[in-house]
Amino acid sequence: MAALTLLSTDKLERSFGGLRAVREVDFELRQGEIHALIGPNGAGKTTFVNLLSGRTRADAGRIHYRGRDITGLPAYKRVRCGIAYTFQITSIYPNLSVYENVAIAIQGSDKFKVSDKTAEAGFCNAVLSVLGRVGIEERARDKAGNLAYGHQRLLEVAMGVALEPTLFILDEPTQGLSDSEIDGFCELIIKIGESATILLIEHNMAVVMALADTITVLHQGAVLAAGSPQSIRKDARVQAAYLGSGLT
Amino acid sequence: MDFGPYLFLASLEGLVQAAVLSLTALGLSLVFGVMRVVNVGHGEFYMLGAVLAWWITSLISIHPAAGFLIALVLSPVLVGVVAYAADRLILSRLDYNPEATIVATIGMLYVLQQLALIYFGPDARPVEAPFYFRVQFPWFGYSGYKLIVVVAATGLLLASWFVIARTRVGLIMRATQFDGEMARALGIPVRRVYSLVFVVGAMFAAVAAVLIVPIRQAHYLMGLDPLLLSFIVVIIGGLGSIRGTIVAATIIGMSDGIISVFFSPTLAKMVSTFLVALVLIVRPEGLFGAKIR
Amino acid sequence: MTGDVGKAVWLHAGVIFTLFAMQFVLPDYHHLIATRVMVLAVFAMGYNVMFGYTGLLSLGHAMFFGTGMYTAGMTVYHLGWSVPLAFTAGIVSGAFVSLLLGAIALRTAGVSFMIVTLMFSQVAYLATLYFTSYTRGDEGLVLPAAARSFSVFGHVVDLTDPATRYNLALALLTITVIVVFKLVRGSTGRALVAVRENEPRTQMLGYNTFVIKLESVVISGSLSAASGAAYALLFAYVGSSFTSIQYSIDALLFTLLGGAGTVLGPLLGSFIMFYLIDIASSYTAAYLLVTGFVLIGLVLFFPRGLLGALKTRWLPWLP
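These protein sequences, in sequence, are chains A, B and C.
To get our numbering, take the position in the first sequence, counting from 1, and add 1421.
To get our numbering, take the position in the second sequence, counting from 1, and add 70.
To get our numbering, take the position in the third sequence, counting from 1, and add 5.
There may be inaccurate statements among the hints.
[Stated by the list, open to error] Here are some, though not all, of the chain B residues that point toward chain C, as calculated from beta-carbon distances under 8 Å: (1) Asp249; (2) Thr336; (3) Leu350.
[Said to hold, decoys possible] Covered, in the sense of this in silico footprint (three residues per stretch, anywhere, with C-beta under 8 Å from a C-beta of chain C), are these stretches of chain B: (4) 166 to 174; (5) 294 to 307.
Hints listed in this document are in silico derivations from the structure and should not be mistaken for laboratory results.
Note that the coordinates shown come from a computational prediction; the quantities given were computed from them, not determined experimentally.
Glycine included, every Cβ here is placed at the ideal spot set by N, Cα and C.
Just chain A, with the same shape it has in the complex (with noise of 0.2 Å):
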């Protein structure tokens, strides 16, 4: 019944001066999940996945990726090994328009070589069908930085699932959101569940629990406690460490 291993990491550790963010973590993700990441603020998570991303060096520790050690990996080669990020506040291409944002992701990713003049057909109807995925195709000439913040948020995504990533992983991507975009996103993220495995990070609990397999805590850079929904929901240290908040 074990699923592989898609990524872990051993002992992992960032400092900022004299501020450890991150404390030898160890963690692992499996293959096909959605795994969430919760912790009050200043737990860290920005800061691991960061590493994760390879947006930050770790000063110790290493992470395995489908078995290879990534440790040393600049972080765009690790998109390519198809592990694909969403910035906690958005990052788009706000001059440029909709679907210019997609073709970008579109190009980049080796799966499209766009080299001759008989695929130039193909590859826009890639860059559409990417949008249609996510819900906002008929907003494909508008400028990226017009968009309401719901619908810039899902562009984001867009980007991201342009690049078929194995691992997706998505900082805090329901903040700002109205209830009822937070309803869409969630189909959405269960949608992209059926062909990646998503790493969460996230702060509204309700999402946490409708949609996570396996949720790890972090608390203050190392890991509390990680397991299924309903025994972190049980665990005391959890709610000690939220003081209660929202978790019941």
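Since chain A is already given, all that's left is putting chains B and C on it; use the hints.
Same frame as chain A, but now just chains B and C:
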């Protein structure tokens, strides 16, 4: 003269260079540190300081010392006014966007330089030193005025350090540098701090120029070299680091002065730039700059 | 979308054709100016690849122009190389220097990058003044008569003939327009723009942004060197002033005026600015004042330049 004393002489020249360069580069560094913009026209504030000093001393012919002292005070003030106008009319309207500021200040460079050409003329004009005395070393006599320049510059640098580190105004400047958003939220009038810093930066350059102008002459093209040297200094020292600026200015000023005496000014400039390349390969953020990653 | 490409191609072809036709109606003085401007436009277009499309503000492009100019000029003057060979050497040296400079300078970004490019360019300028035995410093080199013609497939090309010069300049410009056009409309162009618009995001989409920027620098430097080499060979003169900061700023100026991030912008900017300065210099020695005012005016009121504004308001298909 033997090598030893010759080296000593070259070192004194280097010291004068370092002193003046520290002041000039400090102005540039302050502006970048607090406002996060580069003033490519910084050298022209320097030139303006020298040119105005010449003009003031040419009007006041009682005694060179009197004229010079008045110029030392008045010229930076006038340059400060020009800087204020530039900030209000141009830079603040650009919202201090880094790239736009670079282009705008290049424009300012040309405007100031060419206006100096029109009203000051293409010739180099000398300014009399306020006093003459020679300090007699065992191997050579050296201009006392140059030594006074070093003392004056050091004094100014210490005074600036004091203001920045110990006074309320300095605290406000440092706060704005550290976190502009936060400063604004705390009620600090960030726009006004920017104006102040820009004016002060220009005045530093002007003072440095007034101090040096009795030694070198005033010329409408004299702003370019100080600009380039200041750039070298802030790159090596690390943009935004005051300490780095002063350390780098000392190193560059000394090396520039010494190599100029022993070889040629052209070679000196080439060496300085080579140093920049070296620093960049090893430490892209400069000696004291904040690490990028 | 393909309709847009068609329109763009027709427009650019039309511009080239107009330039070709103009040589038959221009009086001598303007004929010569047009030749000069076309060569300089190649320089500006090279600059635009880095500045307009990749968002890298360099103040050292005179170094690339100078590399091409001095390599072409000195190989002819000191080594007696033929014109085509010297021209090729000019471009190759430009590519090499830009690769070297890019590898060092791209370790910095933004303001530091600008300063570094400025510094290295200044060293190049000082070098041309210092090594006078090779470069004759300020005075420069006048190329010998042997370099005023070359033969290609048995056909002699005479560089003292204004019409020949004009058409060679136009040919170089045409090739540059084609190169830049294909570049910006292709996948490389899209990658350059992505780096300009949001580098962290581009990295997180799997792009090696350092290599992309380096590519941009090399293409840009090579085009600028081609312009310098052509200038040296067409006008038989090599001089220090062409490697000065002035020239680096000119590249920025022409590009900004015409419209950064558009293919034809630098060409338009070169023509307008050249004439503006020409007219101003007949009135005053301080004609650079015009440059200053134009720069300030552009950045305050017209940041997109002429073609850029046109593109935003009316013609979104303009590449």
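Hints, verified against the model:
For Asp249(B), the interface hint is violated, the least distance from its beta-carbon to any beta-carbon of chain C being 19 Å, above 8 Å. Nearest Cβ of chain C to the Cβ of Thr336(B): about 5 Å, under the 8 Å cut. The hint holds. Taken as an interface hint, Leu350(B) checks out: its beta carbon lies about 6 Å from the nearest beta carbon of chain C, inside 8 Å. Look at the stretch 166 to 174 of chain B against chain C: 6 of its residues bring a Cβ nearer than 8 Å to a Cβ of that chain, three or more, so the hint holds.
Counting residues of the stretch 294 to 307 of chain B whose C-beta sits closer than 8 Å to any C-beta of chain C gives 6, which meets the bar of three, so the coverage hint holds.
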